[in-house]
Amino acid sequence: MATQVVMPKLSPTMEEGQLARWLKKEGDKVSVGEPIAEVDTDKATMEMQALGTGVLRKILIKEGETAPLGQLIAIIAEPDEDISALEAKAGSGQPAAENKEKIEQKAEAGGDGAEQELAQVERGGERTQETIKGAPLRGERGGAPDSQTQDRRPAQDSSEASGNGSSVSTGEARRLIVSPIAARMAADAGINLRTLTGSGPSGRIIKRDIEAAIQAGDQQPEKLARAAERPAYQQPEVEGASAYRDETMTQMRQTIARRLTTSLGPVPHFFLTTEIEMDQAAEMRRRINELDPQLKISINDIIIKVAAAALIQHPQVNASFQDKNVRYYESADIGVAVAIEDGLITPIVRAAERKTLSQIAGEVRELAERARSRKLRPEEYTGATFSISNLGMFGIDEFTAVINPPEAAILAVGAMTPKPVVRDGEIVVRQLMRVTMSCDHRVVDGATGARFLQTFKRILENPLYLIV
Amino acid sequence: MAVITMREALNQALREEMQRDETIFLMGEEVAEYQGAYKVTKGLLDEFGDKRVIDSPITELGFAGLGVGAAMVGLRPVIEFMTFNFSILATDQIINSAAKMRYMSGGQFKIPIVFRGPNGSAFQVSSQHSQALESWYAHFPGLKVVMPSTPADAKGLLKSAIRDDNPVIFMEQERMYGNKGEVPEDEDFIIPLGVADVKREGTDATIIARSLTVPLALKAAEELEKQGVSCEVIDPRTLRPLDIETIINSVKKTNRVVIAEESHPFCGIGAELSAEIAERAFDFLDAPVRRVSAADVPMPYAKNLEREAIPSVEKIVAAVKEVAYLD
Chain A
1489 MATQVVMPKL SPTMEEGQLA RWLKKEGDKV SVGEPIAEVD TDKATMEMQA
1539 LGTGVLRKIL IKEGETAPLG QLIAIIAEPD EDISALEAKA GSGQPAAENK
1589 EKIEQKAEAG GDGAEQELAQ VERGGERTQE TIKGAPLRGE RGGAPDSQTQ
1639 DRRPAQDSSE ASGNGSSVST GEARRLIVSP IAARMAADAG INLRTLTGSG
1689 PSGRIIKRDI EAAIQAGDQQ PEKLARAAER PAYQQPEVEG ASAYRDETMT
1739 QMRQTIARRL TTSLGPVPHF FLTTEIEMDQ AAEMRRRINE LDPQLKISIN
1789 DIIIKVAAAA LIQHPQVNAS FQDKNVRYYE SADIGVAVAI EDGLITPIVR
1839 AAERKTLSQI AGEVRELAER ARSRKLRPEE YTGATFSISN LGMFGIDEFT
1889 AVINPPEAAI LAVGAMTPKP VVRDGEIVVR QLMRVTMSCD HRVVDGATGA
1939 RFLQTFKRIL ENPLYLIV
Chain B
17 MAVITMREAL NQALREEMQR DETIFLMGEE VAEYQGAYKV TKGLLDEFGD
67 KRVIDSPITE LGFAGLGVGA AMVGLRPVIE FMTFNFSILA TDQIINSAAK
117 MRYMSGGQFK IPIVFRGPNG SAFQVSSQHS QALESWYAHF PGLKVVMPST
167 PADAKGLLKS AIRDDNPVIF MEQERMYGNK GEVPEDEDFI IPLGVADVKR
217 EGTDATIIAR SLTVPLALKA AEELEKQGVS CEVIDPRTLR PLDIETIINS
267 VKKTNRVVIA EESHPFCGIG AELSAEIAER AFDFLDAPVR RVSAADVPMP
317 YAKNLEREAI PSVEKIVAAV KEVAYLD
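So the sequences go chain by chain: A and B.
Residue numbers for the first sequence follow the numbering used here, so the first one is 1489 and each next one is one higher.
Residue numbers for the second sequence follow the numbering used here, so the first one is 17 and each next one is one higher.
Hint data in this document are derived by calculation from the structure and do not stem from the laboratory.
Errors might be hidden in some of the hints.
[Stated by the list, open to error] For lysine-lysine, the following DSS-like pairs were computed, each having C-alpha atoms within a straight-line distance of at most 25 Å:
(1) A:Lys-1812 <-> A:Lys-1863
(2) A:Lys-1863 <-> B:Lys-58
(3) B:Lys-268 <-> A:Lys-1863
(4) B:Lys-268 <-> A:Lys-1843
(5) B:Lys-215 <-> A:Lys-1843
With the hints as extra help, turn the sequences into a complete structure.
Encoded structure:
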């Protein structure tokens, strides 16, 4: 039975995927659950797993090409099976829309990217059982009715498995037995289940196996090597117009473009700037880090904490425009813009007002790291209530940022620099930092935004407010 | 708070509600002169007289039907079955009349009636008198089903059941009437129907237990704690309506589930809970849900066999170790 490989929905906002890399070539043997390709979605690079067992007979799109959801992109079949009908069908392009509809329906019924993947493994499992007729799967089956008795008597079961174990373990289409939570944790941590040995009955991979694998850290995240192979820059002729090169836009770049033009265009922005004396915040940071050098609190961590505190005092800013309603959020979920190769992403510190500085620092560090290796889950970067973008480390004094809809505001933070100021008639040196808040005027008015910034400034200049 | 028995807590609930609302009356076999086969109605005939505490003949279908009729015309009957085994005779009135009347009359009739009595195994009363029938009644829309496990829950839930405008099946346990616990004396102490109680918090496995199996599950959890396994014990208290949210939240936390119940496994409440968990928290499970139920045989009379047929601390401990992949 031939298996049609279609472009899967791997993220909640995915409309199409760009094939980053084929991990198998035409003629390679593949089995269910085995990764066959890497796909760039709008937010991350995801592995695509085979849903059938057989030979990768036909690859229909090249690396770097883009396909809409549901488009047939490869065919897996038996070595001698006739696939001409399928190839013809692929040429017509008609099934893509149908498939896409099915995929969307499934996604709407409560699936996100990770669940889709799990569902794929599940479906794949069924397919295998159908396909490999007569293959001795004894001791390897998870969903068969006799599994209940196996589960109840693990000792006897394992001896049974070892009785005919040799034929089982060499079988190409080894059925992976994984508990649902283990599968989910492995997907989140980017662990390839095929590299693990399960400690449950019948070799079931269970939660503690994944925990052990995470702890051992023996799973190197797969390298994203695409960027390294850029063509060398063409030396332009001295005369005439500048030379140029065209690079296909990545999915992420396209998403950024699409998202941001839904912002400055339709969202009526206005900007408020203020200058903040940072001496006390800097001093507080120095003293905290002196207490425990492990903490590594940054100025940005303090800014996140202060912004959260100010947002809770000014719920009008912790809000979003919802067509007919204004939605006010209870907690301050702060998106922190992180620059990554090819773009940016804003992982979220949830309920920052309730977290300690050390929690925020740890979380930001960990999220930024995973953002850079593109291992963030969709819920970790969608649905912030307010964002902060800090370009201080690039020596930018002040700038304006584009709101990330539907949030009502974003705070653009510049560099902290020593400057002469007049205090009590004397010229003294103070660490000053300029921040500019972009506000969605449909939700936040000038005075509302100004009052928020006033509170923000007051707390940041006297961070003791954080604990009163 | 006073420490009293489950029997006394139920008695308090009946007395307080009867003082509060004179439309409430009790009816059943031996509830009046004999003060109840298990003395739950002790002293009530003296206090409220024979118009409100009525001895019935041995006719379950008859007095259940009288109760439904009384409820239809505005009274609030509390019908005692000497045990729920005898309620089998009254199921036509309970299922076809009490559970359906509000719906079939287009809401014209409320049926504020409570059917109460002991359910489940007792002490060597053999096959016909040891049955746990909760899944029968929970099966039908229109009935609420309540199963308390502590004296305080018994009091608070029975008061809620009596105040409810729908038929409530209130299932006690003969082995538990003498169990003691702290019970608030406040007359307004009620526990709403449909709210589960986390009897013990834990992180490694969730034991869902009700009625008789709650104290067993708590003992099992103590035992397992010594072996380094932290168990959460959840008592739904009400099977209809079921507080599935509390259960699912716990499953999401612990990833492992054991259901302890005194009824037979086949088509039981444990089967329903397993299905709900599979539907709502499949991705959070680390092991198949495991049930510890009564043996799938009629209850034996012999003491040693009876002990083997019902759930025990040892069986619950073994099941938790199985879902946690220990041993």
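Tested hints:
1. A:Lys-1812 <-> A:Lys-1863: Violated, at roughly 35 Å.
2. A:Lys-1863 <-> B:Lys-58: violated (67 Å)
3. B:Lys-268 <-> A:Lys-1863: holds (22 Å)
4. B:Lys-268 <-> A:Lys-1843: holds (23 Å)
5. B:Lys-215 <-> A:Lys-1843: Violated, because 29 Å separates the two Cα atoms, which is more than 25 Å.
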